[in-house]
Amino acid sequence: MEALSDLLNGFATAITPANLAWAALGVLLGTAVGVLPGIGPAMTVALLLPVTYALDATAALIMFAGIFYGGMFGGSTTSILLNTPGESTSVVTAIEGNQMARQGRAAQALATAAIGSFVAGLIGTMLLVLLAPYIVKVALKIGAPDYLAIMLLAFIAVTAVLGSSRIRGFASLAIGLMIGLIGIDFQTGQQRLTFGIPQLADGIDIVVVAVGIFAIGETLWVAAHLSRRPADIIPTGRAFMSRDDWRRSWKPWLRGTALGFPFGALPAGGAEIPTFLSYVTEKRLSKHPEEFGRGAIEGVAGPEASNNASAAGTLVPMLTLGLPTNATAAVMLAAFIQYGFEPGPLLFEREGDLVWALIASLFIGNTLLLILNLPLAPIWARLLKTPRPYLYAGILFFASVGAYAVNASTIDLMILLVIGLLGFAMRRYGLPVLPAIIAVILGPRAELWMRRTLQLSNGEISGLWSTTLAKVIYLIIAIILLWPLISRFLLRGRHPLAEAAAETGVPVEDQEDDERRAANRPVGEGAARSRVLEAEPPDTDGGRDERSRP
Amino acid sequence: VSALVQRLRGRSELGVSVLLAALGALVLVDASRIPTNFTQRGPVGPAAVPVVVGVALLLIAVLLARDVLRGGHGESEMGEDIDLSHPSDWRTVLLLIAAFLANVVLIDRVGFPISGAVLFWGAAYALGSRHFLRDPLIAVALSVVTYLVFSRGLGIGLPAGPLEGVL
Chain B
155 MEALSDLLNG FATAITPANL AWAALGVLLG TAVGVLPGIG PAMTVALLLP VTYALDATAA
215 LIMFAGIFYG GMFGGSTTSI LLNTPGESTS VVTAIEGNQM ARQGRAAQAL ATAAIGSFVA
275 GLIGTMLLVL LAPYIVKVAL KIGAPDYLAI MLLAFIAVTA VLGSSRIRGF ASLAIGLMIG
335 LIGIDFQTGQ QRLTFGIPQL ADGIDIVVVA VGIFAIGETL WVAAHLSRRP ADIIPTGRAF
395 MSRDDWRRSW KPWLRGTALG FPFGALPAGG AEIPTFLSYV TEKRLSKHPE EFGRGAIEGV
455 AGPEASNNAS AAGTLVPMLT LGLPTNATAA VMLAAFIQYG FEPGPLLFER EGDLVWALIA
515 SLFIGNTLLL ILNLPLAPIW ARLLKTPRPY LYAGILFFAS VGAYAVNAST IDLMILLVIG
575 LLGFAMRRYG LPVLPAIIAV ILGPRAELWM RRTLQLSNGE ISGLWSTTLA KVIYLIIAII
635 LLWPLISRFL LRGRHPLAEA AAETGVPVED QEDDERRAAN RPVGEGAARS RVLEAEPPDT
695 DGGRDERSRP
Chain H
73 VSALVQRLRG RSELGVSVLL AALGALVLVD ASRIPTNFTQ RGPVGPAAVP VVVGVALLLI
133 AVLLARDVLR GGHGESEMGE DIDLSHPSDW RTVLLLIAAF LANVVLIDRV GFPISGAVLF
193 WGAAYALGSR HFLRDPLIAV ALSVVTYLVF SRGLGIGLPA GPLEGVL
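Protein sequences, first through last, are from chains B and H. Residues 155 to 704 in this note's numbering are what the first sequence lists, from first letter to last. Residues 73 to 239 in this note's numbering are what the second sequence lists, from first letter to last.
Derived from the structure by calculation, the hints contain no laboratory data. Mixed in with the good hints there might be a few duds.
Claimed, not checked - Facing chain H, a subset of chain B residues (Cβ under 8 Å, in silico): (1) Val205; (2) Tyr207; (3) Arg322; (4) Ala378; (5) Asn561; (6) Leu571; (7) Gly584; (8) Gln609.
Stated by the list, open to error - From the derived model, a few chain B residues whose C-beta atoms are all more than 12 Å from chain H: (9) Ala157; (10) Ile296; (11) Glu496.
What the hints assert, rightly or not - These stretches of chain B come out as covered by chain H in the derived footprint (C-beta under 8 Å, 3 or more residues): (12) 328-340; (13) 368-377; (14) 530-544.
Keep in mind that this is a model prediction, so the values were computed, not measured. Every residue, glycine too, gets a C-beta built ideally from N, C-alpha and C.
Could you build the full structure based on these sequences and the hints that come with them?
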């Protein structure tokens with residue numbers, strides 16, 4: 155197996171004392187920042203980018219692998235120990251995890267999350283090792299029209315499949331494309347949207363965009379609606395599990411992994427759908443269905459494994475095609491570009507040593523995470539008590555440091571603020587953030603492929619769909635775009651959500667929704683979230699009810 | 073006119089449409105200004121994609137306005153520390169922006185250790201922290217430690233300002 159020998163070489167690069175130290179530091183920083191409420195994995199990676207500037211590329215990517223897994227685990231710790239779910243991917247974990255924590259089983263919830271994440275990360279990274287060389291081989295044979303089609307598919311998929319409102323997704327996409335246009339045209343050297351400001355000629359740094367949208371936008375948005383109630387944090391001891399917990403956890407881990415990985419690898423996969431599916435599956439297969447909603451360990455083990463497997467899955471299109479499919483992968487791709495690597499299938503050929511070292515460090519980061527985080531759980535729990543003013547002041551502080559450090563220029567800080575205000579408005583008016591960030595990163599690349607394609611075809615527009623693969627992809631795009639019409643025609647008035655509810659036994663209250671809007675969200679994030687929350691029996695919902703009372 | 077006002081009330085989301093339309097117009101105007109000359113290689117010039125994006129922005133602005141006027145609205149984002157039952161707290165937001173801008177103005181003049189401390193203390197104050205001894209102390213400590221870690225440890229230059237040589 156060629157891939158295995160490459161992987162062994164990767165381990166040889168990654169396992170030096172210095173690199174192991176970077177990986178451990180990455181895991182600790184990633185978990186510490188990820189645990190802080192309000193900071194998801196994408197913001198964790200964006201905020202910690204500047205720390206890696208000074209390192210050489212190998213050490214930086216190795217540290218990144220640690221930050222990546224640390225940030226993910228930090229997020230699930232928050233959702234188990236705090237009584238409100240944060241990122242959409244931890245919503246499902248929070249349901250059972252928080253109930254377990256309230257019954258004094260926080261240590262077991264954290265342990266099944268950590269070990270499940272480890273198992274899922276291990277299997278997911280193995281699948282990445284097996285799949286990546288094969289996909290790269292195929293990807294190297296496809297041409298410019300295919301690349302353009304794949305990128306357009308990524309745009310349409312993240313915009314039209316995820317989220318609750320298509321038009322708002324497209325608004326976000328267009329804003330991102332516009333930001334991506336700023337700078338000098340790569341072919342002719344013409345300035346576009348620079349307004350004579352010399353610092354804009356190089357374009358807006360992707361790091362500044364990511365930090366602006368995730369960190370500044372989020373801080374301003376939280377500031378406008380800061381909850382004045384002190385957070386209700388459940389203390390915990392060292393994370394551990396009993397034999398019975400193990401017996402109940404191992405199958406959900408494997409099933410969650412099987413659900414999460416393929417969804418992560420798809421252009422519009424995301425982790426919301428597989429975590430929700432995993433929850434529903436475990437509820438149905440469990441011998442203790444009555445425990446669901448009251449702290450069933452299967453309901454933490456499955457979704458948490460699924461979440462991590464999905465994260466490993468997103469690395470497949472990111473490393474082989476240069477295609478980010480979730481926010482964290484988008485920020486990591488931004489980091490690649492920052493280090494001067496051209497993402498895409500050639501990455502494996504040109505920077506093979508580096509990519510394999512990164513994959514090896516994913517295994518290392520995953521293992522370190524397990525070793526470090528089981529005993530450190532009580533310390534992470536204490537971090538949750540950080541006073542909110544210090545937490546968000548700290549985010550503004552480090553976001554400013556990061557944006558300034560890119561070019562040592564205050565112009566970047568002003569751009570950071572403008573993009574932060576944009577991020578604020580997007581959160582206020584329900585514009586999803588992901589399409590914008592993906593458009594900023596992929597927009598210029600898609601333009602490059604489009605112009606290359608039309609150059610090859612001598613301006614003949616049919617050159618865009620001159621290959622079979624491109625034709626198939628455009629067909630898929632058309633189906634996604636026309637899906638609301640198609641589904642209405644196929645189901646003849648049957649409500650897609652109602653059907654799903656009949657299948658899973660989960661009640662749906664969305665039916666009074668305007669039919670057109672509801673048809674747009676059969677499996678979207680909003681749908682999954684509202685359905686899961688409704689799955690909770692009312693008697694255990696006391697915390698949330700108190701919250702919503704004025 | 074009053075019917076129109078009635079219809080527009082509570083529809084601040086139309087502002088998003090206005091913003092999108094303005095951005096679309098901006099992109100189109102900028103694209104029209106790009107000369108298509110001999111430097112162009114291939115059939116597609118530097119203005120083509122901006123035109124597509126500009127038209128898309130205008131189109132989306134119209135469709136979004138239609139959706140809003142028909143009663144559609146975006147769902148505000150939720151989070152761990154967010155309580156949407158109160159109206160927006162603009163005072164906090166403006167104070168935060170002021171603290172952010174203070175750092176922008178000060179960083180090249182008095183150096184990062186001071187401007188960063190002002191940023192942190194100002195932001196903590198804006199968010200409601202009122203420990204008049206602890207807040208500035210934390211701000212200064214964080215700022216100085218960050219400066220030392222970045223400039224000494226990581227070799228990333230942050231301006232020292234008048235404290236050059238002291239730190």
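Here is what the structure says about each hint:
1. Val205: Holds. Min distance 7 Å.
2. Tyr207: Holds - the Cβ of tyrosine 207/B comes within 8 Å of chain H, reaching about 6 Å at its closest.
3. Arg322: holds, 5 Å
4. Ala378: holds, 4 Å
5. Asn561: Since the shortest Cβ distance to chain H is 11 Å, the answer is violated.
6. Leu571: holds, 6 Å
7. Gly584: Hint on glycine 584/B: holds, closest Cβ of chain H at ~2 Å, below 8 Å.
8. Gln609: holds, 4 Å
9. Ala157: Given that every Cβ of chain H is farther than 12 Å from that of alanine 157/B, nearest at about 34 Å, it holds.
10. Ile296: Check passes; 20 Å lies beyond 12 Å.
11. Glu496: Given that every Cβ of chain H is farther than 12 Å from that of glutamate 496/B, nearest at about 20 Å, it holds.
12. 328-340: With 6 residues close enough to chain H, the hint holds.
13. 368-377: With 7 residues close enough to chain H, the hint holds.
14. 530-544: holds (count 4)
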